[in-house]
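Top to bottom, those sequences are chains A and B. Residue numbering for the first sequence follows numbering that gives the first Met the number 0, starting at 0 and increasing by one per position. Residue numbering for the second sequence follows numbering that gives the first Met the number 0, starting at 0 and increasing by one per position.
Treat the hints with caution; some may be incorrect.
What the hints assert, rightly or not - Examples of chain B residues lying across from chain A (beta carbon under 8 Å, computed):
{"no.": "1", "residue": "Asp11"}
{"no.": "2", "residue": "Asp47"}
{"no.": "3", "residue": "Asp51"}
In case anyone wonders, no lab produced these hints; they're calculated from the structure. From the three backbone atoms N, C-alpha and C, an ideal C-beta is built for every residue, glycine too.
Letter by letter, the chains look like this.
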Amino acid sequence: MTEAHMPNWLSLGLVYLAAAVIAVPLARFLGLGSIIGYLGAGIVIGPFGLNLVSDAQAMLHFAEFGVVLMLFLVGLELEPRRLWAMRRPIFGWGSVQLFGSTLLMFGVGVLAGAPWRLALVAALGLAMSSTAIGLAVLAERNLGNTTAGQGVLSVALLQDIAAIPILALVPLLAAGGGLHDDGGPPLWVEAARALGVIAVIVLGGRLLLRPALRWIARSETPEIFTAAALLLVVATAALMLSVGLSMALGAFLAGVLLAESEYRRELETDLEPFKGLLLGLFFIAVGMGIDFNVVMRHPGLIVALVFGFVLLKTIVLWGMARAMPVPLAERPEFVILLAQGGEFGFVVFQTATQGRVIDGEAASVLVAVVTVSMLLTPLLLLAADRWWAAHLRAHRVEPTEHRLDAPQDAPVILAGFGRYGQILARLLFSTGVRVTVLDHDAEQVEAARQFGWRVYYGDATRLDLLRVAGAASAKVLVVAIDDVEQNLALVDLAREHFPQLTIVARARDAPHWTQLHQRGVRWIERETLDAALMSGRSVLQQLGVEPYRARRLALHFRRHSIEQLVTMAPHLGDRARLISISKAGRQQLEQLLAQERDLAQRTRGRLQDGARDDGAPG
Amino acid sequence: MHDILVLLAHPDLEHSRVHAALRTALSQGATGAGARWQLRDLYALYPDYDIDIVAEQAALKAARLVVWLHPVHWYGMPPLLKMWLDQVFAYGWAYGPGGTQLSGKDLWLVVSTGGTEQSYRPDGHNRFFIDAFWPPYEQTAQLAGMRFLPPLVLHGAHHVSASEIEEHVDTVTEHLRRWPDWPEIADLMPCIQGEAPEGERPAPELADAPVTEAQLAEVAR
Numbered sequence: 000m001t002e003a004h005m006p007n008w009l010s011l012g013l014v015y016l017a018a019a020v021i022a023v024p025l026a027r028f029l030g031l032g033s034i035i036g037y038l039g040a041g042i043v044i045g046p047f048g049l050n051l052v053s054d055a056q057a058m059l060h061f062a063e064f065g066v067v068l069m070l071f072l073v074g075l076e077l078e079p080r081r082l083w084a085m086r087r088p089i090f091g092w093g094s095v096q097l098f099g100s101t102l103l104m105f106g107v108g109v110l111a112g113a114p115w116r117l118a119l120v121a122a123l124g125l126a127m128s129s130t131a132i133g134l135a136v137l138a139e140r141n142l143g144n145t146t147a148g149q150g151v152l153s154v155a156l157l158q159d160i161a162a163i164p165i166l167a168l169v170p171l172l173a174a175g176g177g178l179h180d181d182g183g184p185p186l187w188v189e190a191a192r193a194l195g196v197i198a199v200i201v202l203g204g205r206l207l208l209r210p211a212l213r214w215i216a217r218s219e220t221p222e223i224f225t226a227a228a229l230l231l232v233v234a235t236a237a238l239m240l241s242v243g244l245s246m247a248l249g250a251f252l253a254g255v256l257l258a259e260s261e262y263r264r265e266l267e268t269d270l271e272p273f274k275g276l277l278l279g280l281f282f283i284a285v286g287m288g289i290d291f292n293v294v295m296r297h298p299g300l301i302v303a304l305v306f307g308f309v310l311l312k313t314i315v316l317w318g319m320a321r322a323m324p325v326p327l328a329e330r331p332e333f334v335i336l337l338a339q340g341g342e343f344g345f346v347v348f349q350t351a352t353q354g355r356v357i358d359g360e361a362a363s364v365l366v367a368v369v370t371v372s373m374l375l376t377p378l379l380l381l382a383a384d385r386w387w388a389a390h391l392r393a394h395r396v397e398p399t400e401h402r403l404d405a406p407q408d409a410p411v412i413l414a415g416f417g418r419y420g421q422i423l424a425r426l427l428f429s430t431g432v433r434v435t436v437l438d439h440d441a442e443q444v445e446a447a448r449q450f451g452w453r454v455y456y457g458d459a460t461r462l463d464l465l466r467v468a469g470a471a472s473a474k475v476l477v478v479a480i481d482d483v484e485q486n487l488a489l490v491d492l493a494r495e496h497f498p499q500l501t502i503v504a505r506a507r508d509a510p511h512w513t514q515l516h517q518r519g520v521r522w523i524e525r526e527t528l529d530a531a532l533m534s535g536r537s538v539l540q541q542l543g544v545e546p547y548r549a550r551r552l553a554l555h556f557r558r559h560s561i562e563q564l565v566t567m568a569p570h571l572g573d574r575a576r577l578i579s580i581s582k583a584g585r586q587q588l589e590q591l592l593a594q595e596r597d598l599a600q601r602t603r604g605r606l607q608d609g610a611r612d613d614g615a616p617g
Numbered sequence: 000m001h002d003i004l005v006l007l008a009h010p011d012l013e014h015s016r017v018h019a020a021l022r023t024a025l026s027q028g029a030t031g032a033g034a035r036w037q038l039r040d041l042y043a044l045y046p047d048y049d050i051d052i053v054a055e056q057a058a059l060k061a062a063r064l065v066v067w068l069h070p071v072h073w074y075g076m077p078p079l080l081k082m083w084l085d086q087v088f089a090y091g092w093a094y095g096p097g098g099t100q101l102s103g104k105d106l107w108l109v110v111s112t113g114g115t116e117q118s119y120r121p122d123g124h125n126r127f128f129i130d131a132f133w134p135p136y137e138q139t140a141q142l143a144g145m146r147f148l149p150p151l152v153l154h155g156a157h158h159v160s161a162s163e164i165e166e167h168v169d170t171v172t173e174h175l176r177r178w179p180d181w182p183e184i185a186d187l188m189p190c191i192q193g194e195a196p197e198g199e200r201p202a203p204e205l206a207d208a209p210v211t212e213a214q215l216a217e218v219a220r
């Protein structure tokens, strides 16, 4: 046997994953942020570094799916109502940015002596910003809910919308290029098809997605739910692509349509890792794609172009930031996150080259310019962090005054909305307490939703989901899950990661109660105890015991039985676990009753000796 | 060493000024080295009115001075304290044959009233001096062999100023610290326990008695 050849996918996976795993922690350790880490890793493994991977373009296309996933997740955060409220910033400020920057760059380009076609294509391509970088940094710095964050999102959304007509129009700029010379369908057919697909997505999203997800969730196979989530995004993207629309825009729409659904958090947590890795891959591909040959041939030109176009965009953005207004402390982020060129620029230049509007060398230079500007963004942010903070301090401006706080999460998280959780939730809701409710039973969630409860579908024993539910800031976690293993798993998870949470737990039976007690939970209720005691009261009453006396008997028995459990808890130790595993609850109960009889026998003896319990004087 | 047991009974501490302040002050003084008293907040301990008689009797046994701290409601004590009294001061334990567990202890009543001092006069709307409402308490103490100390009353609890409340709280804590070294009780005689003759009480099985373990076992079976 000679040297075995590694299959391509294996060696590629090895290179990409190793590069990311080494470069990103290193970059973060140096305080540079993960995006620089990915970009750096790309340069190192790319054709101009170690040359471990050559086909950056193919990788870029694949990794663009990360951007699509990201927009789906952004959409999930944005309920239709909120999106509607944002229509003004999107169409107003978004247009100001896109057309303002394009016109300014076009004017300067023509004045500098460039042919008008080249100047226009360059201006349009460079006016686009990198959604990937912008939104990834927003997430990394938790700026999503700030004015700057909303501004960046608005502009990015308009660019995504505007990209469609821009890409359609760019080929028409070709010298002497007529309409429809490629023999394709007429423009109005294309437009009608595009509108049709959007209608399909909106209607399908409204009417079909939730029942479909419910049906899938009911299969109780977590990986199939994850697959369904991925399929949903892939299918939407494919649908959009088939009519020449932006994949990311379609995914965003699908996300918005699911923002109000009970599966929102589950979808979020399922897709988050895919998005993260694919975005990382995307940045690696961008790093790999920097053509240092072109950079070497025109170093001065590229530096001048990068400097020039970022400066021109900055002028427009700074003006916007003043007029919107974006708070002083957030302005550098707003400007820097939109000032670079973006992945849409690549597509614009590619389309223009294919349409013979600009030549290949010009396209290469422009692509290099965009890439360098993307590479600069994280570095500029770091510089701004230092310089701007110092500037604000020097001018004694309060930096965080106008910052919108992230929405406060409910003080109570309720895991399990079954027969037990529902009663508890209704009590809390009726007293005006805000509760975040999670349940992993799709039918239960759907039923609850029909009655107007805001219940989320999700497995509460997952750490990431708990985090999203606000476990880090909540006060009380109600563990109302009926399954003993799941119930205890959640308690362990919460005690380990969120020690500030007070746990109120539902116990299935005495062994389960003991196990909870041994974990330090102090607010435990056996699910059947109170109902059984109430029925016991009724029986006693029917046998002629006065109601009030029956009540006292029940209450006394309740206290006695709990005391018994507390005193037995430390002695049970491992045996209790064994008992619960072998489900030998019956034996336990018999033991408990025997001990009670024992105690009663001894007490009876003492009572007969002397003192008698009796009525009050008077 | 706790030799004072303070029983606080207020059904609505959230809206209380006087007793909330007393609870805060007394719970601070109830822990740490040299703490003289144990504070038992009855409505917090027994929100379901399910009194742990054994625990309450044990706490009483360890005390030499018992303090009842409550607002006057309908000229008497709040219902949980009355229930506590009915169940804990049991026949054969606190009174009656062999009921000498409380004999020789002191009982001090610290109350507040909504009505002003003027209202507790023959010409006021409460028509009686406040002293007219003590006999049931005094007789309770006497039957259990406890010395009934002069009660401390804060009138007009809804309208007193913050400084008056503070003064009241200081008076209470100061008294607890100094007990039994009070000038007002220097010449009080020890109590001679009153008698409840045997046979005056109904037979046990007919009584609305506290639940016994034996009865519990019946239920359990």
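Structure-based check of all given hints:
Of the supplied interface hints, the one on B/Asp11 is violated, with its beta-carbon coming no nearer than about 17 Å to a beta-carbon of chain A, more than 8 Å. For the restraint placing B/Asp47 at the interface with chain A, the shortest Cβ-Cβ distance is roughly 6 Å, inside the 8 Å limit, so the hint holds. The criterion of a C-beta within 8 Å of any C-beta in chain A is met by B/Asp51, whose closest approach is roughly 7 Å, and the hint holds.
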